[in-house]
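In case you want the letters, here they are:
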Amino acid sequence: MADQKTLIEKEEVVIRFSGDSGDGMQLTGTQFSNTSALYGNDVSTFPDYPAEIRAPQGTVGGVSGFQLHFGSKLVTNPGDYCDVLVAMNPAALKANLRWVKPGGTIIVNIDTFNDKNLEKAGYKENPIPEYRKGDYNIVEAPITTLTQGAMQDITTDNKSVLRTRNMFALGMTYFMFNRTLDYTIDFLNRKFGKKPDVAQGNKLVLQAGFNYAETIEVLASRRVNVVPAKQEKGVYRNINGNTATAWGLIAAAEKAKLELFCGSYPITPATDILIELAARKDLGVKTFQAEDEIAGICTAIGASFGGDLAVTSTSGPGLSLKSEAIGLAVMTELPLVVVNVQRGGPSTGLPTKTEQSDLYQALYGRNGECPAVVVAASTPSDCFKYAFESARIALEHMTPVILLTDGFIANGTEPWRIPAMSSLPEIKPPFAKKGEKYQPYARDTEKLNRFWAIPGTPGLEHRLGGLEKMNVTGTVSYVPENHDVMTNLREQKVKNIENYIPKQTVFGDDKGDLLVVSWGGTYGHVFSAVDSMRKNGHDIHMCHINYINPLPSNIGEIFSRYKRIVVCEINLGQLVNYLRVKHQDFKYLQYNKMMGLPFTVNELVEHFTKILQEK
Amino acid sequence: MADQKTLIEKEEVVIRFSGDSGDGMQLTGTQFSNTSALYGNDVSTFPDYPAEIRAPQGTVGGVSGFQLHFGSKLVTNPGDYCDVLVAMNPAALKANLRWVKPGGTIIVNIDTFNDKNLEKAGYKENPIPEYRKGDYNIVEAPITTLTQGAMQDITTDNKSVLRTRNMFALGMTYFMFNRTLDYTIDFLNRKFGKKPDVAQGNKLVLQAGFNYAETIEVLASRRVNVVPAKQEKGVYRNINGNTATAWGLIAAAEKAKLELFCGSYPITPATDILIELAARKDLGVKTFQAEDEIAGICTAIGASFGGDLAVTSTSGPGLSLKSEAIGLAVMTELPLVVVNVQRGGPSTGLPTKTEQSDLYQALYGRNGECPAVVVAASTPSDCFKYAFESARIALEHMTPVILLTDGFIANGTEPWRIPAMSSLPEIKPPFAKKGEKYQPYARDTEKLNRFWAIPGTPGLEHRLGGLEKMNVTGTVSYVPENHDVMTNLREQKVKNIENYIPKQTVFGDDKGDLLVVSWGGTYGHVFSAVDSMRKNGHDIHMCHINYINPLPSNIGEIFSRYKRIVVCEINLGQLVNYLRVKHQDFKYLQYNKMMGLPFTVNELVEHFTKILQEK
Amino acid sequence: MSDLKIQYKPADFKSDQEVRWCPGCGDHAILNSMLKAMANIGCPKEKVVVVSGIGCSSRFPYYVSTYGFHGIHGRAAAIASGLKVANPDLCVWQITGDGDAMAIGGNHFIHEIRRNINLNIVLFNNEIYGLTKGQYSPTSKKGAISNTSPFGTIERPFRPGELVMGAQGRFFARTIDMMVQLSADVLEAAARFEGAAVVEALVNCVIFNDATHEMFSAKENRDDRTIVLRHGEKMIFGKEKNKGLVLKGFTLKVVTIGEDGYTIDDILTHDAGEPNPAIHHLLSNMQYPEYPVALGVIREVKDDTYENLLVQQIADVQANTKIKKMDDLLKSGGIWEVK
Amino acid sequence: MSDLKIQYKPADFKSDQEVRWCPGCGDHAILNSMLKAMANIGCPKEKVVVVSGIGCSSRFPYYVSTYGFHGIHGRAAAIASGLKVANPDLCVWQITGDGDAMAIGGNHFIHEIRRNINLNIVLFNNEIYGLTKGQYSPTSKKGAISNTSPFGTIERPFRPGELVMGAQGRFFARTIDMMVQLSADVLEAAARFEGAAVVEALVNCVIFNDATHEMFSAKENRDDRTIVLRHGEKMIFGKEKNKGLVLKGFTLKVVTIGEDGYTIDDILTHDAGEPNPAIHHLLSNMQYPEYPVALGVIREVKDDTYENLLVQQIADVQANTKIKKMDDLLKSGGIWEVK
Ligand SMILES: Cc1ncc(C[n+]2csc(CCOP(=O)(O)OP(=O)(O)O)c2C)c(N)n1
Ligand SMILES: Cc1ncc(C[n+]2csc(CCOP(=O)(O)OP(=O)(O)O)c2C)c(N)n1
Ligand code: SF4
Ligand code: SF4
Ligand SMILES: [Mg+2]
Ligand SMILES: [Mg+2]
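Going line by line, the protein sequences match chains E, V, W and S. So for the first sequence, the working numbering puts the first residue at 1; every next one is plus one. So for the second sequence, the working numbering puts the first residue at 1; every next one is plus one. So for the third sequence, the working numbering puts the first residue at 1; every next one is plus one. So for the fourth sequence, the working numbering puts the first residue at 1; every next one is plus one.
Think of the hints as simulated: they come from the structure by calculation, not from any bench. Treat the hints loosely; a few may be bogus.
What the hints assert, rightly or not - Derived DSS-like pairs (lysine-lysine); straight-line CA-CA distance at most 25 Å:
hint: 1; chain 1: S; residue 1: Lys302; chain 2: S; residue 2: Lys325
hint: 2; chain 1: S; residue 1: Lys248; chain 2: V; residue 2: Lys191
hint: 3; chain 1: E; residue 1: Lys428; chain 2: W; residue 2: Lys325
hint: 4; chain 1: E; residue 1: Lys191; chain 2: W; residue 2: Lys302
hint: 5; chain 1: S; residue 1: Lys324; chain 2: V; residue 2: Lys191
hint: 6; chain 1: V; residue 1: Lys535; chain 2: V; residue 2: Lys73
hint: 7; chain 1: S; residue 1: Lys331; chain 2: V; residue 2: Lys230
hint: 8; chain 1: S; residue 1: Lys14; chain 2: W; residue 2: Lys302
hint: 9; chain 1: W; residue 1: Lys331; chain 2: E; residue 2: Lys230
hint: 10; chain 1: W; residue 1: Lys324; chain 2: E; residue 2: Lys257
hint: 11; chain 1: V; residue 1: Lys233; chain 2: V; residue 2: Lys10
hint: 12; chain 1: E; residue 1: Lys257; chain 2: W; residue 2: Lys302
hint: 13; chain 1: V; residue 1: Lys610; chain 2: E; residue 2: Lys587
hint: 14; chain 1: E; residue 1: Lys10; chain 2: E; residue 2: Lys191
hint: 15; chain 1: V; residue 1: Lys116; chain 2: V; residue 2: Lys101
hint: 16; chain 1: S; residue 1: Lys219; chain 2: E; residue 2: Lys159
hint: 17; chain 1: E; residue 1: Lys385; chain 2: W; residue 2: Lys324
hint: 18; chain 1: S; residue 1: Lys325; chain 2: V; residue 2: Lys385
hint: 19; chain 1: S; residue 1: Lys248; chain 2: V; residue 2: Lys433
hint: 20; chain 1: V; residue 1: Lys582; chain 2: E; residue 2: Lys563
hint: 21; chain 1: V; residue 1: Lys428; chain 2: S; residue 2: Lys325
hint: 22; chain 1: V; residue 1: Lys230; chain 2: V; residue 2: Lys433
hint: 23; chain 1: S; residue 1: Lys45; chain 2: V; residue 2: Lys437
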């Protein structure tokens, strides 16, 4: 390893890789974050890419970015602003300059700064001279040329050469942050096992980038080291939210001793859940790529009737399409997990951007009085936990559960301490007992769930359906009073789940001035903001909600202990309005943002500070 | 006409006809109400029938009922309890006895009271002797026998004979309430124009029933007359809510000088709107019976893009299916009326019963921040007005409007003073101007609507779609700040409609103790309850809401003037929760019912009285 | 379907629920045929599941004593697909109407057929929406008057057999409500077929579309106006059994044996197992009065089923993986330990 | 479509928006053919509307300067249907993908065809979901590896032509992205056809399903592995123009003219206008290597269009009614006056 003397120790660093959609920035970012995680840093990542597969080369619209934040302390979000920006072309520079910290380093591939590219990016002239006047360290690296040089013995096919430029940039950052190339070299060997030439080329370029950085005074003299974070003992891996969701569901099936069935239709950003489950035939997962979202959920309902842990995964527009069938699951009281990875809406909206605007739909988007459980995950890795919880609630309480994640945590990654399966609770679905007279709508007296009779079991033959059913016996019933009874039973069954979920906790003190309420994927940013303000002595506390319907039973009591409450969401105020309904007695301030982006810690701190000042 | 001396004058009467689904009770009730309306009474009706086409004969589940209420004063609902019950078989008696007023008259077709029918109805023995002990006048009419007698010269085909028994019952009630047979005779002549035998048979039976009643002491001696109501001058007709809705839409198209396009898929209880529109080819209405609800709304969106007044009609489960496409209409900001005739939910629920439980779905049931206008009609005839209003708002503000009616007002009828088309306002859609540069998302500065450019117009070529669009120019945009701007513009555009709808009014005094808040189809019952209590000197007032999103701007101010507010709905509290969000400052009491039935005036009075006593 | 054969009587499959179809509705007859077929097939009752959508016909599950699922409109196919794939051991019947399967459910219908999921699909075709009281359906004849087409429809109807084959259908049969034994036979054949088997049951809606099939289904003329196809047998029909079908270029032709020089040898022999659907297409498209209407099993071509392939694929993958349980997956790939 | 013919150049139909397909994507070529076709057809630009669903291909409306509507996934057919029925004077193109039209939109697709609405439907078939980054589609070959079928699909694909005809399709044509002139020709033919016209454009997704059509579409072999059908012409193909199709029982057979005794007279003549779809079925189902893949207009059979019948029906009713305006309706039937 390099000369330790020149190392500057830092607690945390944010890097942003950016380039054309075809420039391999997502891969580059992933490599850097895996290497850092393996090294022992805490890491949080944020891939941010356009809706087009290959948006027009060289334009701002076509820029694909990957931001990562690593540290020797707890890292809960990918960072607002970056210490280092890698810009593979002028458009990338243009799109991302706003995200560079004062004093930050900008590495540009100067070979791409020709007239054509500058024009495509919307620059009248080369902006670098102007930017140099700002507070940046700009490194004009001839990445293309140097890559060609490194590759000359391997191939001169320009396409192949260009495709490895990202490795050059990666090599440079590895030098800058004192990382070994081992993990990436391993990865290249595995990935291109069958094409040793390609592997070799990539490795050469990676090393060339590393070496080149060493020659650049401004980089070599500022080499930074971020020591490993103090993490709990255990075995770790990097994981993104979608994989964690898929795994949580598989784990739940194993714990319930059921087979897992997933009926889904692809949709960004939820598709990766289906992809991961489809790959898990080793664990017996049955995936059914349906003809549309309705078929996705209906096959899952069929599978649930058939005795599987049944799941359907989708995003906003797909959840709209599933509304009617969720009603059927509510009526038939079958277990079902509906995963909705929220994206920017309404309609097709901003398919690759993040938002929290499907909460209303999850809570209310069905005909009739139609209560479903709603749960939300907060971070990439805890998608595992809440997917597992969703399945547990669905199975043990015989109800559909809507699990909300979002594009940000679905694609973002972080290191995750792998749980042992033995540490997870058993899941015990309320199966109907063989040999007893089976009444489909007889209920557990506490939970109020009905019992699950699986086709194939002799003697439990029965019929379910979407028409109102007679209490206990389950025959079709139009009796007015019965409808009232059943409506209230369905409502109460869901309400009772509050007795089977953890109580709400607060980060901060028991009581105080400002309580920040948040939910779902904003956790990391909100936590950072509150944490830093608390460290600065502010009377601020945080209540992050994961169980939304029903809410934990102690929420009202918690709210009563703080002078002011501010609810922060990436929407126009859906949770806050729900709280106004459920806990009307409190006054709620709100902070909302609708940019298809996560909050920044900065804006939150600013906003909370303002509130605190308004004493 | 009969001897006027024996007439007892009454202000109002409620009759309930009931029998098997095949007994023609709906027709009978309609005849009586039309005759009464023509005579000058105010009338309100309530058909109540099973979900099956011909539910099993003779069973309680198969009973079809038709209640009507007519009076010499304002009649706003079909009445809670009836003065006269006609029960064509034991099951009808069993199902409806609970609805007979103390002292009421019950006419049974005693010929049907055989062992088989009694058993089917769930009677162990003939209940009439027992019922006689109660406070009823029971007339055991051998309707089948007498019908056979009346028909003997026409036909002896038993099926044909049996089919006319309802005319016998009708004839009896015509005698009892001093009605002429003219209207029904006319009707029979028209209906069976091509089958004079059938017409003749029906007429004979009708007359026979009339004559028979005259021979029955208990009926002849209690003959009742209800003099014409004092109604505003004008031309009247009876109308049900679905027809009124269809007509309101046609009227709006005429007033906007547009063609009307309706894309729908049949679903109870909304189908009649499509049926009426399909029959209106004379007025150029284009109906498209689509392959499903999604195609229904999508064809309408296509037609709206093409420059028609576009409409889609459905009921609960269908609205679920339309969610995604409503989002498209929100995003493209095209005019569209979505009529939702609410029925009992969730899922398939109680398809032929009424409920107000789709309000949440109308307000919130879409992905993303997706504001749509929501309007609700209150009575059968004002469906015309609110359908017209929905179209006006949709067209003038370039937005989808969801019009909520319900099974009760959709099928119920009342006399309606026919408006002259000249009395209705012109509708002026904001067409884009030819010759000017067209920017699809440029807006009216007040209303914030964008302008409508119709394909076929040279120079206005443009492209719309579900992806987020750049403000003003309408190109696809992923710019974060633009999404915020557009989200707020869409929200504000809908909010601004509060400036273009009537202010909320109150029935009662300016301020007071109890304000009853209701919405949609509960109007008639709530009004009766409040009216009667006010007449009894109670400090009670009524605020019936028709414009739900946006709410009239003065609602908060109104609420502030009453000590207590109670919100009554046929659901678990959807409007009240919406009010908690929109006007959090007030405390709301609530009264809810989930029986697939309208409120009764009685229960409302009881409940309000209790509240008032809880001072 | 299980191999275990149990001795059942039709009544064993009858439920205790009152049948709520109109008196005279054709659905009653199909129910009777189904009870017969279920008894004959002998699949253990607890393994039989009847899934339906919404419509008069879709009330079916309540009338049999097996497991049942009364779904939502148009989604019977998807629900049944999920059930069968999740639990291939069950014998799954899908009951659906012309509206349920060919209007709102059209997409699921063609996809379940394409995927060849082993389902027994009974399409109750009364050419009308019964439950909603008489709107025309995608199978209503062009010009049909109904409450939503008071001046006659302007749409040419689907022909179910044609659509089924357009979607790669491997089994298609047709029957008429009144022909109780034929119905029982084709239902049984459908159940025995491994794959998506569609039975078009021509049923009469006495209330809203009375006598729509009567031209050829009425007892008096049925023998002359329909032909019951049986695999391996000559395509002969008529009261006198003297009419038959011959091939003429790309079309079929009705001939009388003994006339115009046609002998029994000229008559086509029905090969339901022919993979090329061309002739099955022609047969299923035959319409009265030009042709007799084809009944019986028109097409029956074996192919892999979706669920068998899935089970096989899972078994193959599992045979070759080190990941046997969740703990293995959790610890696979790029992991590291913090000590 | 209007009769008025205007002189256009392809560039007149180009929009000012940057085309955002991947370099090398087959969609670019179809766009070029479309610009040509639009110019040739000469329908006034303001009467041309392009409606699409969601998918890479469905970005199309942004790239032409006509009216355009980028709908939601699968619903292009329904939106286009409503637009055309509301406004029959427009020339409406529907752009859709194999996922958009045959997965989520399958039902609308078969119904628009059945109804025979005069739409020009261009189905971009790349046998993959492009926009969502590479999942198999209902047209992916059985066994295809994709990110949701890592071990190969277990579903037999739809053949679009077969499904179209199963849904009563009256016009079906096929082209290949690289054959720019043929594409322009069939697109023009589709536009000129009055009724629902489906053009299957075989396009290459370079990123997620590269070369899926290459076996027969590659320039070197194309002449031998495809056949361009033209109405009234012999079904001849091959670099040497010496191969042809003949009929054998119910199937087609490839022969070489001059071999095995086959002469040009034995070769079938293409009759796109034959109402009986049997041979069009066989033609559209031909698959390489057994057969050449059929290109060009395979079926083109005139029939009434939905919107014409509707306009006619409205006119007929209006000619015979006393109800001419809303006031008339309001005062029709059972009314009474209160004075
Ligand atoms: C989502 C939805 N749309 C519409 C309906 C109304 N609906 C119920 S059954 C039916 C059609 C029934 O026709 P078919 O499937 O042919 O069955 P049949 O009654 O004729 O047996 C319709 C339109 C519904 N229940 N749900
Ligand atoms: C309701 C809904 N479901 C799913 C999606 C995600 N989605 C967008 S395009 C697409 C498939 C695209 O495939 P295809 O139609 O073949 O078009 P291509 O991209 O291949 O041209 C999917 C699944 C969506 N946008 N909306
Ligand atoms: S309405 Fe028609 S289909 Fe329905 S039960 Fe009655 S006869 Fe049968
Ligand atoms: S992903 Fe495929 S279909 Fe989409 S633009 Fe790229 S090459 Fe074309
Ligand atoms: Mg039907
Ligand atoms: Mg595709």
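Hint-by-hint comparison with the structure:
1. For the hint linking S:Lys302 to S:Lys325, the alpha-carbon distance of about 36 Å lies beyond 25 Å, and the restraint is violated.
2. Distance check on the hinted pair: S:Lys248 and V:Lys191 sit about 60 Å apart at the alpha-carbon level, beyond 25 Å; violated.
3. Between the alpha carbons of E:Lys428 and W:Lys325 the distance comes to roughly 19 Å, so the proposed pair stays at or under 25 Å and holds.
4. The straight-line distance between the Cα atoms of E:Lys191 and W:Lys302 is roughly 41 Å, outside the 25 Å bound, and the hint therefore fails.
5. A hinted pair counts as satisfied when its Cα atoms are at most 25 Å apart, and S:Lys324 with V:Lys191 qualifies at roughly 24 Å.
6. At roughly 14 Å between alpha-carbon atoms, V:Lys535 and V:Lys73 fall within 25 Å of each other, so this suggested pair holds.
7. With a C-alpha separation of about 21 Å, the suggested pair S:Lys331 and V:Lys230 falls inside the 25 Å cut-off, and the hint holds.
8. This hinted pair does not check out: S:Lys14 and W:Lys302 have alpha carbons roughly 50 Å apart, beyond 25 Å.
9. Note on W:Lys331 and E:Lys230: the hinted pairing holds, with a Cα-Cα distance of about 21 Å set against a maximum of 25 Å.
10. At roughly 14 Å between alpha-carbon atoms, W:Lys324 and E:Lys257 fall within 25 Å of each other, so this suggested pair holds.
11. For a cut-off of 25 Å, the pair hint linking V:Lys233 to V:Lys10 stands: about 23 Å separates their Cα positions.
12. Under the criterion of a C-alpha separation no larger than 25 Å, the hint pairing E:Lys257 with W:Lys302 is inconsistent with the structure, at around 35 Å.
13. Pair hint V:Lys610 plus E:Lys587 does not hold up; C-alpha atoms about 30 Å apart against a cutoff of 25 Å.
14. The hinted pair formed by E:Lys10 and E:Lys191 fails the criterion: a straight-line CA distance of about 32 Å is larger than 25 Å.
15. The suggested pairing of V:Lys116 with V:Lys101 is violated, with an alpha-carbon distance near 28 Å, which exceeds 25 Å.
16. Only pairs whose Cα atoms come within 25 Å are accepted, and S:Lys219 paired with E:Lys159 is accepted, the gap being roughly 23 Å.
17. For the suggested pair E:Lys385 and W:Lys324, the alpha carbons sit about 21 Å apart, so the restraint of at most 25 Å is met.
18. Proposed proximity of S:Lys325 and V:Lys385 is supported: the alpha carbons are some 18 Å apart, at most 25 Å.
19. About 63 Å separates the Cα atoms of S:Lys248 and V:Lys433, which puts this hinted pair outside 25 Å; it is violated.
20. Straight-line distance between C-alpha atoms of V:Lys582 and E:Lys563 comes to about 22 Å, which keeps the hinted pair within the 25 Å bound.
21. For the given pair, V:Lys428 sits about 19 Å from S:Lys325 by alpha-carbon distance, which is consistent with the 25 Å threshold.
22. Taking the CA atoms of V:Lys230 and V:Lys433, the gap is about 50 Å. The hint is violated against a cut of 25 Å.
23. With a C-alpha separation of about 16 Å, the suggested pairing of S:Lys45 with V:Lys437 holds against the 25 Å cut-off.
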